[in-house]
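Engineer: Each chain, written out:
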Amino acid sequence: MSDEPLHMREPGIDTGELDVQVDTVDGVEVVRVAGKILSSNVHTLESVVQDLIGKEKLQIAFDLTEVPYMSSAGVRVILLCAKSMQKRNGSFALFGLSEYNMKVFEVAGLHSILPIMPDWEETKRFIESANG
Amino acid sequence: MPAHILVVDDEPDLELLVRQKFRKHIRNEEFNFFFAHNGEEALDVLEQHKEIEILMTDINMPKMDGLSLLSGIKERDVNPLLKSIIVSAYGDMANIRQAMNRGAFDFITKPIDFSDVEITLQKTIGLLDTLKSAKRSEKELTQLYQQLHAAKQIQQSILPQDFPPYPERKEFDVFAHMIAAKEVGGDFYDFFLIDENRFGFVIADVSDKGIPAAIFMAVSRTVLKGTATQGISPSECLERVNTILNNESDSGMFLTAFYGILDVKSGKIDYANGGHNPPYLVRNGSGVIPVASNSDPLIGIIDNAKYEQFSLDLKEGDTLFLFTDGITEALNKTEEMYSEDRLIETLRKQTGSAPEVLIPSIISEIADFAQGAPQSDDITCLAIRYNGAST
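Sequences listed follow chains R and B, in order.
Quick note: numbering that gives the first Met the number 0 has the first sequence finishing at residue 131, numbered continuously throughout.
Quick note: numbering that gives the first Met the number 0 has the second sequence finishing at residue 390, numbered continuously throughout.
By construction, these hints were calculated from the structure, which means they are not laboratory data.
A portion of the hints provided could be inaccurate.
What the hints assert, rightly or not - Example chain R residues on the side facing chain B (calculated, C-beta under 8 Å, incomplete):
(1) Ser-71
(2) Val-74
(3) Glu-105
Claimed, not checked - Cross-link-like lysine to aspartate or glutamate pairs, in silico, EDC-like; alpha carbons within 20 Å at most:
(4) R:Lys-102 - B:Glu-339
(5) R:Lys-102 - B:Asp-9
(6) B:Lys-267 - B:Glu-307
(7) R:Lys-54 - R:Glu-65
(8) B:Lys-73 - B:Glu-117
(9) R:Lys-102 - B:Asp-262
What the hints assert, rightly or not - To be clear about the criterion: a stretch of chain R counts as covered by chain B if any three or more of its residues have a C-beta under 8 Å from a C-beta of chain B, and this derived list gives those stretches:
(10) 36-46
(11) 51-59
(12) 107-118
Every residue, glycine too, gets a C-beta built ideally from N, C-alpha and C.
Generate coordinates for the entire structure from the input sequences, incorporating the hints supplied.
Structural biologist: Below is the structure:
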C-alpha cells in the first residue's frame, strides 16, 4: 500500500507472462491463451488480435480454457475483437471460460451480448451458422 | 563528436608520435588528444576538461606514477564515465594486475604497437557509446516515471477530497476513499447535490491501466457528472453516457459504473448499474445484502445499451456501501482474494457505523489481509448513511 516511486516497484503479482498461440482449425483462427490476463501482459494478446484483424481474418474464436483469471484489460481486448468482427460482418465466439471469468462477464453484463460457448464443438457450429 | 583522449607519459617524443600516427583520426575529428607528463598534471587536465572520457597512462613517471593517478581520479571531479587504459612494460604482470584492481579498463604493452592502441581506443569508445545510450534511456525513463507519478496525483486530486462535503446536511453522511495502485488506473467515485433534495453518487472502474485508462477516466468522470447533474433518471443518465463514450472510444475502452440518486427526504434511492459489482446495503442492525440489479452492460462499448432502473429504501441508520473489485480481489501473499464473503463479514461487524469510521476500518482490514503483498488494482469505496429526514 506504500506510495514509493514507480521505478522502485518490485516484481509482484503483475509479472506473469501470457502464452498466446493461434491455430487455424477448419478455417477458424483459434486464439489459445494460457495464463492470467492482466494489464501487465495483455499487450501480448492485443498484438496477436490486432495482427489477425489486420490480416482481415473473419472467423476468430478465443479458447480461454487455460485462463483462470482475467482483469478488465482482458475483457477490453475481447470486446475490441468482437466489435471489429461485428463491423466487418465476421464471426466471433469464445469458449472455455472458467467459473471466475464467467462471473466477470456476467457482472459486466456481457454474457448476453457476447457469444460465449461451452466448448469448441459448439463454437465451431456457431461460427459456421453465422457464416452460412 | 570526437573522442577526447588524455595521453600521460613522461617521454616528450610520445606526443609527436601519437599526433603523427593518428593524424587521419585527428583530421577527421574522430580523436582529440590531450597530453600530460605526470600524474599530477594529468589530474589537473582531467578536472579542467571534463569532456575527456579516455585516459591512457604510463606507469613509471616522476611526481605521480600511473597507479597513484588511477587512485587519484576517484577523489577528483572528473568525467564520471572516464575509462583508463594503462601502458606497461611487456610482462609486467604485477603492475598490470594492480592497475586493473584500481579500476583500469584495459592495458597495452610497450613497445607501443599503434595498431593495437587504435583497436583498444575503438573498443573503449564502443563501450562508452553503449554506456551513454543506457544513461540517456535511464534519464528518459526516469522522466517518464515522474510524469506518470504526476498524472496519478492529478487524477486523484480531481475526486472530491474534503469530508464532510456537506456539513450542514444532517440527513445523510458520506465518505469515500481511493488508494491508487502503483500504476495509474481508472477507478473513480463522485457525488454531487443535484438539487436541494437529491444527492447523486457514482462509483466507477475504467478498463485496464496506464495513461490511456487515466485519460478515459477523466473524460468519463466529466461526461457522467455533466449528464447526471441535469437531473435525469439514473437509467437515462447511463444510457446517455454510454452513447457519448461509445462514439468517442475506438480503443475498446469502457467503464463499469453504478449511479444512484438519494432522495434525502424519503431515503429512497433510484439507481442503475452499468456492469459494476453490486453495492451492499448494510441494514441498521439486520444484516448485509447485495442490492438487486440487472447485469446491464458496461458503459462505452455496446451500441444503444439499456440500463434498467431499480430502487431501494434506506431506513434511518442504513448504509449503502459501494466499492470496486480492487477490494474483493485484493490478494495476500498466497494469492488468496479478500473476497465478497470477507467484505460482507466486515460490513456486518460495522452495522450502524458512520461512513468515516466504516471506510477506514475496511481499508485497514484489507491492509492486514494483504500482509504487504503488492496492491495490483485501485482500491475505491464510497459509503452513504441515511440519518432520516431532517426536522
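Engineer: Hint by hint, note whether the structure agrees.
Structural biologist: Going down the list of hints, with the structure as the test:
1. Ser-71: Hint on Ser-71 (chain R): holds, closest Cβ of chain B at ~4 Å, below 8 Å.
2. Val-74: 6 Å, holds
3. Glu-105: 5 Å, holds
4. R:Lys-102 - B:Glu-339: Judged against 20 Å, a Cα distance of about 13 Å means the pair holds.
5. R:Lys-102 - B:Asp-9: 80 Å, violated
6. B:Lys-267 - B:Glu-307: Cα-Cα ~17 Å, so holds.
7. R:Lys-54 - R:Glu-65: Distance of about 25 Å is beyond 20 Å: violated.
8. B:Lys-73 - B:Glu-117: 26 Å, violated
9. R:Lys-102 - B:Asp-262: 32 Å, violated
10. 36-46: holds (count 3)
11. 51-59: violated (count 0)
12. 107-118: holds (count 6)
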